[in-house]
Structures are given as structure tokens and as C-alpha cells.
Amino acid sequence: MPIVKIIEVIASSEKGIDDAIRQAVAEASKTVRNIDSVYVQDIKAHVKDGQVTTFGCVCKISFRIE
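First residue of the sequence shown? That's 18 in this note's numbering, and the numbers climb one at a time after it.
Calculated directly from the structure, the hints in this document are not laboratory data. The reader is advised that the hints may include incorrect statements.
[To be verified] Across the chosen pairs, the derived CB separations fall in these ranges: (1) Ile27 x Ile82: 16 to 24 Å; (2) Gly73 x Ser46: 14 to 22 Å; (3) Glu83 x Val42: 16 to 24 Å; (4) Arg50 x Thr70: 33 to 41 Å; (5) Val21 x Ala62: 27 to 35 Å.
[Said to hold, decoys possible] Cross-link-like lysine-lysine pairs, in silico, DSS-like; alpha carbons within 27 Å at most: (6) Lys61 x Lys22; (7) Lys32 x Lys61; (8) Lys32 x Lys77; (9) Lys77 x Lys47; (10) Lys65 x Lys47; (11) Lys22 x Lys65.
Ideal Cβ placement from N, Cα and C applies to all residues, glycine included.
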């Protein structure tokens, strides 16, 4: 039976929410191996002068422990 750990990562992007999610996974991949999935817990957008400037997300990233 595999052991799975979950970490929480906060990321943001000016390009879009999908880019923020990719950045969260890329950053976690620098120190964590065997990433299996990402659960996007929260999504938000920062607005300035009536325009969305930055997209942000809180991701729960799960990975297997060997």
C-alpha cells in the first residue's frame, strides 16, 4: 500500500489560472518526486482599475513516498 503525502502550494500568474497551476507543480517538482495529482482548492483574481491583473490559486499537491 503506497504512502501519499499532500503539500499546499500557493501560486500566481499574470497569464491565467492554468499557468498558475503549472507554476505550482513546477515549483513543487524542484524538491518533490512522484507527484500524482493536483487539487485546486481556491482560485482568486486580483483586480486593478477594473481589469484582472493576476490570477492566483491554492493547490494541494499529492505525491507518493518511496
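Status of each hint after checking the structure:
At about 23 Å, the CB distance of Ile27 to Ile82 agrees with the hint of 16 to 24 Å. Evaluation of the 14 to 22 Å hint for Gly73 and Ser46 yields a pass: the beta carbon distance comes to about 19 Å. One distance hint, 16 to 24 Å for the beta-carbon pair Glu83 and Val42, holds here, with the actual separation near 19 Å. At roughly 34 Å, the beta carbons of Arg50 and Thr70 sit within the given window of 33 to 41 Å.
Between Val21 and Ala62 the C-beta distance comes to about 30 Å, which sits within the given range of 27 to 35 Å. With a C-alpha separation of about 25 Å, the suggested pair Lys61 and Lys22 falls inside the 27 Å cut-off, and the hint holds. Of the pairs offered as hints, the one joining Lys32 and Lys61 holds, with about 13 Å between alpha carbons and a cut-off of 27 Å not exceeded. The suggested pairing of Lys32 with Lys77 holds, with an alpha-carbon distance near 21 Å, which does not exceed 27 Å.
Between Lys77 and Lys47 the alpha-carbon distance is near 16 Å, which keeps this suggested pair within the 27 Å criterion. Of the pairs offered as hints, the one joining Lys65 and Lys47 is violated, with about 32 Å between alpha carbons and a cut-off of 27 Å exceeded. Proximity of Lys22 to Lys65 is assessed by CA-CA distance (about 37 Å); at most 27 Å being required, the pair is judged violated.
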